[in-house]
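Engineer: Here's the letter readout for the chains.
2 protein chains.
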Amino acid sequence: MVVPDARESVLIVGSVALDTVETPAGRVERALGGAAVYSSVAASFFAPARGVGVVGAAFPRQHLEFLAGRGVDIRGIKIVDGKTFHWAGSYEGDMNQANTLATELNVFQSFAPDLPEDYKDSKYVFLANIDPALQLDVLDHVRNPKLTACDTMNFWISSKPDELKKVLARVDIAFVNDAEARQLTGEVNITKAATEIRKLGPRYVIIKKGEHGSLMYCDSDYCFSAASYPLTEVVDPTGAGDSFAGGCMGYMASVDDFTEANLRRAIVYGSTLASFNVQGFSLSKFREITRADVENRYREFQKIAFFDGA
Amino acid sequence: MVVPDARESVLIVGSVALDTVETPAGRVERALGGAAVYSSVAASFFAPARGVGVVGAAFPRQHLEFLAGRGVDIRGIKIVDGKTFHWAGSYEGDMNQANTLATELNVFQSFAPDLPEDYKDSKYVFLANIDPALQLDVLDHVRNPKLTACDTMNFWISSKPDELKKVLARVDIAFVNDAEARQLTGEVNITKAATEIRKLGPRYVIIKKGEHGSLMYCDSDYCFSAASYPLTEVVDPTGAGDSFAGGCMGYMASVDDFTEANLRRAIVYGSTLASFNVQGFSLSKFREITRADVENRYREFQKIAFFDGA
Chain A
10 MVVPDARESV LIVGSVALDT VETPAGRVER ALGGAAVYSS VAASFFAPAR
60 GVGVVGAAFP RQHLEFLAGR GVDIRGIKIV DGKTFHWAGS YEGDMNQANT
110 LATELNVFQS FAPDLPEDYK DSKYVFLANI DPALQLDVLD HVRNPKLTAC
160 DTMNFWISSK PDELKKVLAR VDIAFVNDAE ARQLTGEVNI TKAATEIRKL
210 GPRYVIIKKG EHGSLMYCDS DYCFSAASYP LTEVVDPTGA GDSFAGGCMG
260 YMASVDDFTE ANLRRAIVYG STLASFNVQG FSLSKFREIT RADVENRYRE
310 FQKIAFFDGA
Chain B
10 MVVPDARESV LIVGSVALDT VETPAGRVER ALGGAAVYSS VAASFFAPAR
60 GVGVVGAAFP RQHLEFLAGR GVDIRGIKIV DGKTFHWAGS YEGDMNQANT
110 LATELNVFQS FAPDLPEDYK DSKYVFLANI DPALQLDVLD HVRNPKLTAC
160 DTMNFWISSK PDELKKVLAR VDIAFVNDAE ARQLTGEVNI TKAATEIRKL
210 GPRYVIIKKG EHGSLMYCDS DYCFSAASYP LTEVVDPTGA GDSFAGGCMG
260 YMASVDDFTE ANLRRAIVYG STLASFNVQG FSLSKFREIT RADVENRYRE
310 FQKIAFFDGA
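Chains as they are written, first to last, in the working numbering: chain A, 10 to 319; chain B, 10 to 319.
Honestly, the hints are just simulated from the structure, not real lab data. Be aware that a few hints might be false.
Copies of the same chain look alike in the list, so a pair counts if it works inside one copy or between any two.
As the list claims (entries may be wrong) - Within a straight-line C-alpha distance of at most 30 Å, the following computed DSBU-like cross-link-like pairs (lysine-lysine) qualify:
1) LYS129 x LYS201
2) LYS294 x LYS218
3) LYS87 x LYS201
4) LYS169 x LYS312
5) LYS201 x LYS218
6) LYS218 x LYS312
7) LYS208 x LYS312
8) LYS294 x LYS174
9) LYS175 x LYS312
10) LYS92 x LYS312
11) LYS175 x LYS208
12) LYS155 x LYS312
13) LYS294 x LYS201
Work out the full structure, taking the sequences as your base and the hints as a guide.
Structural biologist: Structure representation (structure tokens):
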């Protein structure tokens, strides 16, 4: 895997999973999944990723080889006795909502991130959706990051709000979906909710809205509204949000120059990766596409969003 | 009312109403409303509008004077014995859905559009949401239009599908919201639904998604995705879709040059008008703002959507 323009690596901590997913397009059993996997493979289109996670003893070795082949450093993915985290879910209709059928945490239940020494100098850090106490632990071990970001979910917002707020106080970017933004703040209006989240710490709040695109709020007078790619078929939405955030952080690591203009580009690259990801089950689409495909779709996004001045 | 750059007028047919609306921001009783009113006042920021509708004998004269003062030709709005169309509704939470509390058609029930002779040479025609049989009747009386568009609603999709299809076969642009696009085609995927609607006739399908912006589909390889304006407070969403379509058609009449680039601009102007409209009850915000405010917000839309090339 060649990552020609990477200037920095991105450290990614989160779940590595075997997912059983059913959608109107079909079904896969115990396929490669997990937030850390989707986000690190998305990031790997732009920059080397450093994965931190845990799998069970029987986790298929070809999955780890696939990650390594994508430029993902897998030394931070521990193999321990027990079973790998397993999620089973289904999607229906507009597929905007997953129905969770089973969540077996297995080895993920006692997961404690253990960073290889050189990981601690990572300049770009993405804390994918895990227990905020673990997100904090990772932040404690990274020495001098340039850009940190977190994701979360409804479960942590309701069960560990204090730990989550500590995470938010320490990251630069919060990735949340619209429902999570509302849940976290009690604000129905998304712009108000984003403002409230920014008060908790993150200078940048990126609201993921699935098929409706995303919104980025920051100190600027204007937020950024990014379209989603108008697909005629969504095969499997699993991992879209992780691919979005991973692509976004991977691009930021590759340019290693934090400006709002670059963050806006990164968000469109994130949308690009998310749009490819949902075109196949598990990581099948990421296995097919090249960086050139990513660049072509980025240019399509430009055409989709373009309008002339007044 | 000065409309400095108007090259053509836009004929608009639809409801003129007195609305009672309750939202978390307050309540108005029997305030000026109706699809033809919202859309013709939105259009009037760009071009003269020609209104076609009906009101009851007691309809407040200041409402008609307001329309005339905005550059709306009111000769096509008939005053007849009986009561004006009355709609009562409320909005809660994210206000994306109206709860209809009362619909009293009154004089609108026996409405038959009767176009003043000079209206029949209108080059721009917007058939707001009314019985598709009446939309067809208007099309039959317009001699040589350059650009025709229709709106509709769930009620006509289920009750008069054949008449609606005849309308769609004859207009250039169909404005529908996402739920209507799905209902009309049976397709959950919006891009597929838009393609199916285009097969029924309209070369351009514009899907209105409320707070999630809009999508325009045409023969081009790329659709156009427009953001909505990120408001911190929505006072009353009534008339947003009508303001969007009216602003869009008014802009097209003002430039009188049909290109995809102009249509994309028109959609952003439509979004601009819709965003102002929802900031007040009834047409209160339209009474406050000037064309300069519209231009300023258009430029804000540019900043909100902008990202650099890859």
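Engineer: Hint by hint, which ones does this structure get wrong, listed from lowest number up?
Structural biologist: 1, 3, 4, 8, 9, 10
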